[in-house]
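The chain contents come next:
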Amino acid sequence: MRIVVTVKYVPDINTDRGFEDCRVRRTPDEGTLNELDENAIEAALQLVEAAGEGEVVALTVAPPDGDPALRKAFQLGVDRGVRVSDDILAGADYFATAAALAAAVRKLESEGPVDLVITGMAALDGLGSVVPTLLATELGRPALTLAKKLGVSDGVLSVTREHDDVTEELSAPLPAVLSVTDTANQPRLPNFKRIMAARGKQVEAWTASDLGLDAAPAARTRTLSAGPRPERPEAELVTDKGEGGKALAQYLIKNDLV
Amino acid sequence: MTNRTVLVLLDPATEIRTSALELFTIARGLGTVEAVALAGVGVEVLAQLEAYGVESVHQAEFSDAAGRVVTGDERHLPAVVAAALAAAVRRADADVVLLPSSFAAKEAAALTAHALGAGLIIDAAGVSEGDDGRIVGSKRVFAGSWDTSCEVTTDVAVLTVRANAVVPAPAAARVNTQTEPLPVEVPELGVTLASREVKARSGDRPPLEEAAIVVAGGRGTDGDFGPVTELADALGAAVGASRDAVFEGWWDTYVGQTGVTVAPRVYIGAGISGAPHHRGGMQASQHIVAVNSDPEAPIFEICDFAVIGELADVLPQAAEEIRRHKG
Ligand SMILES: Cc1cc2nc3c(=O)[nH]c(=O)nc-3n(C[C@H](O)[C@H](O)[C@H](O)COP(=O)(O)OP(=O)(O)OC[C@H]3O[C@@H](n4cnc5c(N)ncnc54)[C@H](O)[C@@H]3O)c2cc1C
Ligand SMILES: Cc1cc2nc3c(=O)[nH]c(=O)nc-3n(C[C@H](O)[C@H](O)[C@H](O)COP(=O)(O)OP(=O)(O)OC[C@H]3O[C@@H](n4cnc5c(N)ncnc54)[C@H](O)[C@@H]3O)c2cc1C
Numbered sequence: 001m002r003i004v005v006t007v008k009y010v011p012d013i014n015t016d017r018g019f020e021d022c023r024v025r026r027t028p029d030e031g032t033l034n035e036l037d038e039n040a041i042e043a044a045l046q047l048v049e050a051a052g053e054g055e056v057v058a059l060t061v062a063p064p065d066g067d068p069a070l071r072k073a074f075q076l077g078v079d080r081g082v083r084v085s086d087d088i089l090a091g092a093d094y095f096a097t098a099a100a101l102a103a104a105v106r107k108l109e110s111e112g113p114v115d116l117v118i119t120g121m122a123a124l125d126g127l128g129s130v131v132p133t134l135l136a137t138e139l140g141r142p143a144l145t146l147a148k149k150l151g152v153s154d155g156v157l158s159v160t161r162e163h164d165d166v167t168e169e170l171s172a173p174l175p176a177v178l179s180v181t182d183t184a185n186q187p188r189l190p191n192f193k194r195i196m197a198a199r200g201k202q203v204e205a206w207t208a209s210d211l212g213l214d215a216a217p218a219a220r221t222r223t224l225s226a227g228p229r230p231e232r233p234e235a236e237l238v239t240d241k242g243e244g245g246k247a248l249a250q251y252l253i254k255n256d257l258v
Numbered sequence: 001m002t003n004r005t006v007l008v009l010l011d012p013a014t015e016i017r018t019s020a021l022e023l024f025t026i027a028r029g030l031g032t033v034e035a036v037a038l039a040g041v042g043v044e045v046l047a048q049l050e051a052y053g054v055e056s057v058h059q060a061e062f063s064d065a066a067g068r069v070v071t072g073d074e075r076h077l078p079a080v081v082a083a084a085l086a087a088a089v090r091r092a093d094a095d096v097v098l099l100p101s102s103f104a105a106k107e108a109a110a111l112t113a114h115a116l117g118a119g120l121i122i123d124a125a126g127v128s129e130g131d132d133g134r135i136v137g138s139k140r141v142f143a144g145s146w147d148t149s150c151e152v153t154t155d156v157a158v159l160t161v162r163a164n165a166v167v168p169a170p171a172a173a174r175v176n177t178q179t180e181p182l183p184v185e186v187p188e189l190g191v192t193l194a195s196r197e198v199k200a201r202s203g204d205r206p207p208l209e210e211a212a213i214v215v216a217g218g219r220g221t222d223g224d225f226g227p228v229t230e231l232a233d234a235l236g237a238a239v240g241a242s243r244d245a246v247f248e249g250w251w252d253t254y255v256g257q258t259g260v261t262v263a264p265r266v267y268i269g270a271g272i273s274g275a276p277h278h279r280g281g282m283q284a285s286q287h288i289v290a291v292n293s294d295p296e297a298p299i300f301e302i303c304d305f306a307v308i309g310e311l312a313d314v315l316p317q318a319a320e321e322i323r324r325h326k327g
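Line by line, the protein sequences give chains A and B. With full-length UniProt numbering, you'll find the first sequence wraps up at 258, consecutive numbering, no jumps. With full-length UniProt numbering, you'll find the second sequence wraps up at 327, consecutive numbering, no jumps.
Chain B with its partners taken away, still in its complex shape (with noise of 0.2 Å):
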């Protein structure tokens, strides 16, 4: 292996999320890793950097034209993220960059190697070092029917990665993170923020991005998401929707190529009927289950266990077995 530096995008900065640990044991396996957060570091989150072996973490320190401080909301723009990564990766001389595949995330990707004029891969599901010693990202296209994979040809490489796409794993040996501040000069933007409002997270449940187990519901269930929460609460699985769930009211995020992309261990569909947006969310998934009443759903063509039956019935009988299972 050649002697890369990696950079993984560390943002929130004061808890970590389970797709950073996915990130730093992909940037491990690629060389040096180092991370960039984009605000002061807490003690929980650096005893994880350490276990993660990430040697280093860039803390930007974010400054308008003028030279004032700027510790507001606009940190987390994508412009501004990509001027700390851009910052970090000139410092660093650095290789490669990983992000997560949220929105937010792509469009900073994008802005970084537009600044560094680095070849980029959205939504990786492996990222390797090619023949040639260049970066190879794979990814899973058209509703998870292709493999493809694709070589970056310019030095830097920047790349985000999906959820799941590996188990997350501690390094062999603890490292001693060093943090080092990065000064950043917030570029012109042209844009005012007026307000930005995180959703918080539910303590109970995982986020539907990063689960291992997901359960959806989708017009079948009538607006009663009973069945389904109970299944999920049973599993400690997130809790996802259709569109159509979503559109009438009934829940709060959908899965799907406009919604979130998911591809968990377990997928389970309740009264949804697969149409080709809702799969191009969760085609990826490594076991699709379905319970829908029509024996002639969409959804049955793509999944690998099917309960043809009232969801009202199944999930509920479902939940109880696996609690009775779980002791």
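The following block holds chain A by itself, in its conformation from the complex (with noise of 0.2 Å):
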């Protein structure tokens, strides 16, 4: 079982996010590995083992100080990690960035076969949750997005789909593009044996021309603004002392929310 894991270098989100230019602020020491990848690393990592053989292979668009994501990757378990990496790319809207990714999973195939595509349910920056339906929609795989449950056997991939009210059971033959949801596992934590292994790993940085994109994608999308919201005023705090509730409906009626 070969597989490709999508990950995104995101800035962390316990930091104070934020622009510059209208692009997204990079402090070196504050970006990391989308923390929903690591559902995607986990379930590839799971699958292989199932297996008793495989590939995982890291995939991530990112500027050349993204090697992090790839790093804690590593980390993670995962045996090879690629970074597209080129100018033309800077910027890159959705469908720039599907297009850069289905680029180099065909680059992947060329070596040999690629019977999934796992991503994360979303980019805790972007939150778009796009990606992994275009990326599929660009490889001309059937996609299975958003899994809760997934299993494989005989060359089908089955899953259970959660999305806002609805529950759906779905299955689709390999190769496919598959998401998966914070749900769907619980990611391992590096451990001594990964970490030194991870060690030995080298990035492989690729360019846009190794992928046969020549030309920039025209960008659909132009950011014109993009500003701090201004400070929420200090909250008013109440201690309970036996009139607490009331209190909160006070707030309630005099804002006229009730």
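Everything labelled a hint here was simulated from the structure, so no lab data went into it. Using N, Cα and C, we set each Cβ at its ideal position, and we do this for glycine too. One or more of the hints may lead you astray.
So, partial list: chain B residues that the calculated Cβ filter (under 10 Å) puts toward chain A [to be verified]:
| id | residue |
| --- | --- |
| 1 | 109 |
| 2 | 118 |
| 3 | 234 |
Sample of chain B residues at the chain A side, in silico, Cβ under 10 Å [said to hold, decoys possible]:
| id | residue |
| --- | --- |
| 4 | 61 |
| 5 | 107 |
| 6 | 147 |
Fit chain to chain and form the complex, with the hints in mind.
Laid out in structure tokens, this is it:
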């Protein structure tokens, strides 16, 4: 079983995130592997372990400083890490990102079959949750997204998909594209053995022309402005001494919220 | 205003959701409004469309490549919804497509935009016309801490709009909504849908993603959601939870970055610490209220009003006071 996991390098949500010149501000020590992609890595490792053989390749489209995401993926146990960086991909929108990921998957396919591409349910910065389905479309593969449970048997992937107020049972033959939710599994932690093994692994850096992408896909959206919201005024804090509930109700009534 | 045609996805077609009324309200500010329905529109729904100024409904009639009629649950899969929307855009020569911001609608929006070569904005909090006549979407990002605006540079713009972006308002004058069948060929999906279940909406409480008031309970409830639901019912609010509370099996839906994103007029969090993942799904709420026994709880950093205390005491007392106020 050969699996490609797409992973995104994102600003840590515990830090003060923001923009600079309408681009996400990137400070090297505040960038991290998108947490939700750990669920994708875990799903891939489990499938390869169950199959008894195979390879897990982590793939990112990121600037050259995005390697910490791949290093973290190595520590979790992925075999290879590929980073696609190119000036023509700076500021890529959903479609350009999906197209670049698809081109990289095709290049990996030229080395040998890729049975499955697994993604996270969302990147915690962009929060679009659309790259997985676009990637599947670009690759001409079936998309099974937002899997809460999954299984592969006889070359068929089956998932329980949960979204909004809907639960669906879906299946598709491999090769396919799968996105997993944060409830699909419990990602493993890096242990000493994996951290040591990760040290010997090198990130493979590809450019757009390595993938046969020569022109920048035309951007379809343009950010006009980005500004921080005004700070909320200090909260009104009431310590409950027997009247706290009434105070809460009065706050709502006073502000015409009832 | 240029003479734009704005398509709004109407799903389900048998009952009107608040999110659909919000989309119609926004669409009227942009041009002529038309709806796209995946099934037959009922009489009551039609009456609402007329009140909201929807000029016509494209009623999808699906068939497969061999011409066989498709009426099953596949109609709701994002690729099929996208096929209907793209067909409607082409027929109506539409300029803008608006959808709600549910996970399924986001995927349908992406596939529609992909098919049309259109630009896509996900989770817009507002949609307007820019200086050069192009569509501009405003977004609140990074857990509600930054506001951005984004212009769509293609001829067709596809946007998903978050709930509670506007207060729904009917049109100044009723229109006579025309219904037109829209033939749609279901694309080759490569997937088999074995079953699809829609959770029944409880008649008593508004759905979480659309509610004007949300009361959410966390680990601090210790499993007893009684006080949370009591206050919610006094307020006519929806009930939500933190992910931890859902993982414990105390409630079924959680608010947050990986759960439901809410932006109600009032969010009340009880026994919830305010972890970044949770904040990401509620920080855009207009008024944030917290009840927490820990004076150092991180949620206090982002709230407008808070009671430091035991939620089992505070919530029922608040509910009592609200009921008294409402009479
Ligand atoms: C705040 C913000 C708002 C944005 N809004 C828009 C917008 O409205 N329209 C628009 O066209 N673009 C937008 N973008 C750009 C968009 O985020 C990027 O194109 C991004 O690479 C993909 O979108 P996402 O982050 O929403 O990913 P999602 O679709 O949420 O990602 C889902 C999964 O896809 C995979 N994935 C996503 N990106 C990458 C990557 N670069 N490398 C490897 N795997 C990846 C990961 O497995 C991830 O878990 C926005 C970016 C930001 C930061
Ligand atoms: C990838 C990922 C995604 C996640 N996505 C989400 C998400 O979408 N939504 C989400 O909610 N979480 C999410 N989480 C989990 C999140 O990080 C927190 O763990 C979770 O939100 C904490 O839930 P809580 O506030 O109920 O519990 P805790 O953090 O344990 O807080 C309980 C609070 O209750 C207070 N309390 C205790 N007893 C009482 C009492 N008697 N009266 C009043 N107050 C009391 C305590 O002081 C404390 O502040 C995610 C985590 C990960 C790793």
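Outcome of the hint check:
1. About 7 Å separates the beta-carbon of residue 109 of chain B from the nearest beta-carbon of chain A, less than 10 Å, and the hint is met.
2. Here the hint on residue 118 of chain B is kept, as its CB sits about 7 Å from the closest CB of chain A, short of 10 Å.
3. The interface hint given for residue 234 of chain B holds, since its Cβ lies 9 Å from the closest Cβ of chain A, which is under the 10 Å cut-off.
4. For residue 61 of chain B, the suggested interface contact is broken, since its CB lies about 23 Å from the closest CB of chain A, more than 10 Å.
5. Hint status for residue 107 of chain B: holds, given a least beta-carbon distance of 5 Å to chain A, under 10 Å.
6. The interface hint given for residue 147 of chain B holds, since its Cβ lies 6 Å from the closest Cβ of chain A, which is under the 10 Å cut-off.
Hint 4 from the list above is the single one not met by this structure.
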